[in-house]
Amino acid sequence: MSTQRPSQPSPNPFRFSNGSQNTVSTIERVHRGSMTSSQLQQPPIAASGTAHKLQNSDTAAKNDDSDRESGRTKEYGFWAPELAALRKEYLISIARLTAMVTILVWGVLGIYWGGLWTASSKVHNLTAYIINRDGPTGIIGNTTQNALLGSMHLKWQVIDPTLYPDAASIEQAIATDEKAWLAVEVTQDVSSRLSTARTNGDASWNPQDTVIMYYSEARANTVIPGMVVSPTLKVLESAFANMTVTLAQQYLRSAVTNTTALEAVERAPQTLVTPVIVTAQNLRAWDQTVATAPTFVGLIYVVILALNVTLGNFGMRQAIQGKLKLSSMIAMRIIIPVIVYLFLSFQYAMLNLPFKLHFDGWKLGFGAGFLTFVAATWCGMTVLGLIIECVLAIVGSAFIGFFLILLIIANVVTVVYPIPMMPAFFRYGYAMPFYHLKNIYVHIVYNTSKHILVLYHFGILFAWIAMLLATFPLWIVLERRRGIKAKEKAAEEAANKAEQPNDSSAPPSRQYDHEQGDEKVQHTSVGQP
Numbered sequence: 031m032s033t034q035r036p037s038q039p040s041p042n043p044f045r046f047s048n049g050s051q052n053t054v055s056t057i058e059r060v061h062r063g064s065m066t067s068s069q070l071q072q073p074p075i076a077a078s079g080t081a082h083k084l085q086n087s088d089t090a091a092k093n094d095d096s097d098r099e100s101g102r103t104k105e106y107g108f109w110a111p112e113l114a115a116l117r118k119e120y121l122i123s124i125a126r127l128t129a130m131v132t133i134l135v136w137g138v139l140g141i142y143w144g145g146l147w148t149a150s151s152k153v154h155n156l157t158a159y160i161i162n163r164d165g166p167t168g169i170i171g172n173t174t175q176n177a178l179l180g181s182m183h184l185k186w187q188v189i190d191p192t193l194y195p196d197a198a199s200i201e202q203a204i205a206t207d208e209k210a211w212l213a214v215e216v217t218q219d220v221s222s223r224l225s226t227a228r229t230n231g232d233a234s235w236n237p238q239d240t241v242i243m244y245y246s247e248a249r250a251n252t253v254i255p256g257m258v259v260s261p262t263l264k265v266l267e268s269a270f271a272n273m274t275v276t277l278a279q280q281y282l283r284s285a286v287t288n289t290t291a292l293e294a295v296e297r298a299p300q301t302l303v304t305p306v307i308v309t310a311q312n313l314r315a316w317d318q319t320v321a322t323a324p325t326f327v328g329l330i331y332v333v334i335l336a337l338n339v340t341l342g343n344f345g346m347r348q349a350i351q352g353k354l355k356l357s358s359m360i361a362m363r364i365i366i367p368v369i370v371y372l373f374l375s376f377q378y379a380m381l382n383l384p385f386k387l388h389f390d391g392w393k394l395g396f397g398a399g400f401l402t403f404v405a406a407t408w409c410g411m412t413v414l415g416l417i418i419e420c421v422l423a424i425v426g427s428a429f430i431g432f433f434l435i436l437l438i439i440a441n442v443v444t445v446v447y448p449i450p451m452m453p454a455f456f457r458y459g460y461a462m463p464f465y466h467l468k469n470i471y472v473h474i475v476y477n478t479s480k481h482i483l484v485l486y487h488f489g490i491l492f493a494w495i496a497m498l499l500a501t502f503p504l505w506i507v508l509e510r511r512r513g514i515k516a517k518e519k520a521a522e523e524a525a526n527k528a529e530q531p532n533d534s535s536a537p538p539s540r541q542y543d544h545e546q547g548d549e550k551v552q553h554t555s556v557g558q559p
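With the first letter of the sequence shown counted as 1, position 500 gets the number 530 in the working numbering; the numbers rise by one all the way through.
If you are wondering where the hints come from, they were derived from the structure by calculation, not from laboratory data. Honestly, I wouldn't trust all of these hints.
What the hints assert, rightly or not - Each pair of labels, with its calculated beta carbon distance range:
{"no.": "1", "residue 1": "106", "residue 2": "252", "range": "53 to 59 Å"}
{"no.": "2", "residue 1": "150", "residue 2": "208", "range": "42 to 48 Å"}
{"no.": "3", "residue 1": "346", "residue 2": "152", "range": "43 to 49 Å"}
{"no.": "4", "residue 1": "104", "residue 2": "514", "range": "58 to 64 Å"}
{"no.": "5", "residue 1": "357", "residue 2": "260", "range": "56 to 62 Å"}
{"no.": "6", "residue 1": "150", "residue 2": "383", "range": "36 to 42 Å"}
{"no.": "7", "residue 1": "455", "residue 2": "121", "range": "52 to 58 Å"}
{"no.": "8", "residue 1": "130", "residue 2": "256", "range": "33 to 39 Å"}
Said to hold, decoys possible - Dumping the calculated DSS-like pairs for lysine-lysine here, alpha-carbon to alpha-carbon at most 25 Å:
{"no.": "9", "residue 1": "353", "residue 2": "519"}
{"no.": "10", "residue 1": "104", "residue 2": "152"}
{"no.": "11", "residue 1": "209", "residue 2": "480"}
{"no.": "12", "residue 1": "386", "residue 2": "480"}
{"no.": "13", "residue 1": "517", "residue 2": "527"}
{"no.": "14", "residue 1": "515", "residue 2": "527"}
{"no.": "15", "residue 1": "515", "residue 2": "353"}
{"no.": "16", "residue 1": "517", "residue 2": "355"}
{"no.": "17", "residue 1": "185", "residue 2": "152"}
{"no.": "18", "residue 1": "185", "residue 2": "104"}
{"no.": "19", "residue 1": "152", "residue 2": "264"}
{"no.": "20", "residue 1": "209", "residue 2": "386"}
{"no.": "21", "residue 1": "185", "residue 2": "480"}
{"no.": "22", "residue 1": "517", "residue 2": "353"}
{"no.": "23", "residue 1": "209", "residue 2": "185"}
{"no.": "24", "residue 1": "264", "residue 2": "209"}
{"no.": "25", "residue 1": "355", "residue 2": "519"}
{"no.": "26", "residue 1": "118", "residue 2": "104"}
{"no.": "27", "residue 1": "355", "residue 2": "515"}
{"no.": "28", "residue 1": "480", "residue 2": "393"}
C-beta: ideal position from N, C-alpha, C; glycine also.
Taking the hints into account, I'd like the entire structure generated from these sequences.
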C-alpha cells in the first residue's frame, strides 16, 4: 500500500524576508518525499536539543503575550533576579536621600537648636533700669540697688530719677519706647517715710507702694515672665527679707523701754513685719491666649499657604506657559499669585474674628486694626511666596521641600526668643519676614512699641518685595533657557536613535510552530537564501 501525502503540506520552515512566502527549499522537498506518513506526523527532533529549548522559550513568550493581552503586569518578589538593576538604582537613590536629609538635620535643624541653647545664659544682654528716688542714705533704696546690681542676671543701669519723674513716663519708656525690658522704681523718700510711719504707728502704711517693678509681658511673652520678672522678684524678696530682720532688730532694741514705740508697732504691725513688698506692674499683659496662633505658629501657616499656591500654580500653568511670551509669562507668575494672596489674607484675618482676637488693642479702632492685619499678612505672604517661586525657578520642584524647611527654620527661630539673647549670628533675624510680621501683629493686639514702628516693619517687607520683583525675571529667563536646552537635547537623542542603521549581522530568530510541528527561521535583515 502506497503512502499518501497529506492533502495540505506543512508550512515551509524556511521563509525569507525578501523571498516568496510559498518558496520551499529543495532539501526540504527531498527530505519530506522520503518520509513515511507516520514520520510526517511527528515533529522534528533536533539532536542538540534546540527544538526543546525553542519550545520552552515559545511557551514563555506566549505567556507574556497572554499577560499583555489581559492588561496584567507581571509581578516579582523584591529580591527577584529580574529586578536586580531596578533594585540597585532604587537603593542607591534611597541612600542619597538619606544622606541629604542627614545634612538637612545637622545643617538646617541645627540653626533652631543653636538659637535656643544659650538663651538662658544671655539674659544679661537685656537692659533693665533702676530708678532710685530714696536718696543717697535711704536703706530701702540702697538695698534694692545693691541687690540688683549684684545679681547680674540683667544688664542693670542706674537711671537719673529726673528723666522719668512719674509712673506715666516709666510706662512710656518700657511699653512704648521699649528702651528697657524692665524697670524697678524705689518710690520717693520711702526709707524716711517708713521710719515716720513706724514711729507714729501709721496704720495706713502700704508696703506695696514702696518698690514697683514695671514690665511689658506682651513684648516677649516667652521670656519676660520666667527669665526676667521671676529672677528679679527672687533677688528683691531675699534682700528685703534680710533688710526687714535688720530693721526690726534695730527698732526693738530702741523700743525696749519705750512704751510709746511698742504701742505704735501694735497699731501698724506691717511697718515692722513686712515694711516693703515689691509690686509688679504688667503694662502690657499677654491676656489673650488665642494670640499665640497668629503671632507664632500661624506664621508657619502663612508659609504653608504660600507654598500651596506656588506649587499649585506651578502645575496648572504648564499647559499655557510654553505658549506665552516671556513678558506675559513673568507677569502671569507674579500677578496671579499676588491676587490669590490678597484673598487668602482676608480669610486668615477673618479666622480670628470668631475667636475674639482684639484688633483694637492699639487704640486706633477695630476696623483699622483688622485692615492693618490683612495688609501685613498680604505683604508677608507675598514675600514668602515670591521667595519660594524664585527658588522653584532655580532648583526645580525636586528640592523645594528641602528649601521649605530651611525657610521656616531660619525665620521661626527669630521669633521664639528676643534676638539679643541669641548668638551674634542670629542678628540676621532683624531682616526676616517672620520678625516683622510678628511685631506688627503684637502691636495691633497689645499696643506694644510706637505706632510709627509699624511703618518701619512694613518698610522692611516692601524692601523684600522690591528685591524679589527686581530679580524674579532673571530667574525666569534662566529657567526658560534651561528648559529649551533640555528639549533640544531630548530631540537630538530621539533623532540619533531614529538614524541608527539596522544590524545586518543579527542572527535569524527562530520560532517553533506547535500547530504544524515545523521550525520557522526568519531573518531580521534582507539577504539571499
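So, going through the hints one by one against the coordinates:
| no. | hint | result |
| --- | --- | --- |
| 1 | 106 with 252: 53 to 59 Å | holds, 55 Å |
| 2 | 150 with 208: 42 to 48 Å | violated, 22 Å |
| 3 | 346 with 152: 43 to 49 Å | holds, 47 Å |
| 4 | 104 with 514: 58 to 64 Å | violated, 39 Å |
| 5 | 357 with 260: 56 to 62 Å | holds, 60 Å |
| 6 | 150 with 383: 36 to 42 Å | holds, 38 Å |
| 7 | 455 with 121: 52 to 58 Å | violated, 38 Å |
| 8 | 130 with 256: 33 to 39 Å | holds, 38 Å |
| 9 | 353 with 519 | holds, 20 Å |
| 10 | 104 with 152 | violated, 64 Å |
| 11 | 209 with 480 | holds, 11 Å |
| 12 | 386 with 480 | holds, 24 Å |
| 13 | 517 with 527 | holds, 16 Å |
| 14 | 515 with 527 | holds, 19 Å |
| 15 | 515 with 353 | holds, 17 Å |
| 16 | 517 with 355 | holds, 18 Å |
| 17 | 185 with 152 | holds, 10 Å |
| 18 | 185 with 104 | violated, 74 Å |
| 19 | 152 with 264 | holds, 19 Å |
| 20 | 209 with 386 | violated, 31 Å |
| 21 | 185 with 480 | holds, 23 Å |
| 22 | 517 with 353 | holds, 15 Å |
| 23 | 209 with 185 | holds, 12 Å |
| 24 | 264 with 209 | holds, 23 Å |
| 25 | 355 with 519 | holds, 22 Å |
| 26 | 118 with 104 | holds, 19 Å |
| 27 | 355 with 515 | holds, 17 Å |
| 28 | 480 with 393 | holds, 12 Å |
Consistency note: the structure conflicts with the earlier hints numbered 2, 4, 7, 10, 18, 20.
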